[in-house]
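Asker: So the chains spell out like this:
Number of protein chains: 2
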Amino acid sequence: MKAVVLLSGGLDSTVCMSIAQQSGVDIIPISFDYGQRHHRELACAKQVADFYQVKKHVVIETNMRAIGGSALTADIEVPQGQEEREHVPVTYVPARNLIFLSYALGLAEVENAVKIYIGVNAVDYSGYPDCRAEFIEKFQSITDYATKASVENHRIIIENPLQYLTKGEIVALGIKNGAPLHLTTSCYQGGALACGVCDSCVLRLKGFREAGFTDPIPYQDQ
Amino acid sequence: MKAVVLLSGGLDSTVCMSIAQQSGVDIIPISFDYGQRHHRELACAKQVADFYQVKKHVVIETNMRAIGGSALTADIEVPQGQEEREHVPVTYVPARNLIFLSYALGLAEVENAVKIYIGVNAVDYSGYPDCRAEFIEKFQSITDYATKASVENHRIIIENPLQYLTKGEIVALGIKNGAPLHLTTSCYQGGALACGVCDSCVLRLKGFREAGFTDPIPYQDQ
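In order, the protein sequences belong to chains A and B.
Heads up: the first sequence is residues 1 to 222, going by the UniProt record's numbering.
Heads up: the second sequence is residues 1 to 222, going by the UniProt record's numbering.
For identical chains, the list gives no copy identity; a pair is met inside one copy or between any two copies.
Think about it this way: if two alpha-carbon atoms lie no more than 27 Å apart in a straight line, the pair counts; the simulated DSSO-like pairs of lysine-lysine are: (1) Lys55 x Lys176; (2) Lys138 x Lys115; (3) Lys2 x Lys115; (4) Lys2 x Lys55; (5) Lys2 x Lys138; (6) Lys46 x Lys2.
To be clear, the hints were calculated from the coordinates, so they are not data collected in a lab.
In isolation and in its complexed conformation, chain A is listed as follows:
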């Protein structure tokens, strides 16, 4: 049995990969070179894929900068510290998870995979609309109409095992599963050293603190 895993090279998707691997399926990670500011995550994704000795790692190249509208894909500054959560953050990339899941669905169909794993999470909520459980439920329902597989009654299940975990629980689970957290990156700035102050770094550090572990990756000013 095969499963496609959305692998960004960050903490959540790597823990998600460890969960898929523990379930005994053959994992096919899919990553995206989409013009992201933190392009460095792609190198991390490759290292994580190598760590798991996968037979195939699909990297989709696409210029999401042609759409823009995000601090990660346009010339908009990445904010420092967590923003107020009344608004969707400027680091939200329009329709990104929908686009990524759509490619994963195409790949799952071609590979005859039965599952797609995505590391979305709603407890330590990023404020991204496409990380909500309702969004994943809607995507599940469209998979039953969008593909040749759906016509042939080959159902592809979307797994979102991190949906209701806190960041601390995600870190603890990753460590328990032996996930290579030292190979991951989360910083939106994309430098060789994590900034420690962007939304994503703040959430990650909080997760390690809650789990009672030290983050193995290097940060600026340490």
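Fit chain B to the given chain A structure using the hints.
Answerer: Leaving out everything else, chain B in the frame of chain A:
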């Protein structure tokens, strides 16, 4: 008011573009350079966009050949003549319309557009699962969850005005609307002259015949 139009450079999407234009909205076409065998359609899309003097034409580049699984994106032969319709044709590209609509949704959000036009059609049915009305309905329902726009109650409507038209009716409507059908291509082989025998050519020629017009584009062996 703005609307995003999925423009392949083919007959249906060009007629769809003419419908959007007649409705009085500012049209923003989006096209895809996805490694398609019939790459020539992209040059047609640019000519159609120029014909309508659009302010902006977004071209997304992406390597769908990394997924493959189709005669249009892998080394699989394009069949001649219409296949039996018991199976989904080999020219079906896994999850393509879902991927394309997802990008269109991201663009619609960034542009603050209120509609997305797609020229899918189910009467002279191509056999593609992602051309069915049910698929479009499902996509409409996911748009209400996938984006920042959805959180902010800015609804984006999917328009599929060709859904229930025959090819003949589509051709007649395009001619009535002054659509530049002479600038379009439909052939899956992607040569300078349309082959006249692939599924897509056969359907197109049938449409012109039914509408009582001569197809203005050149074919082989004429």
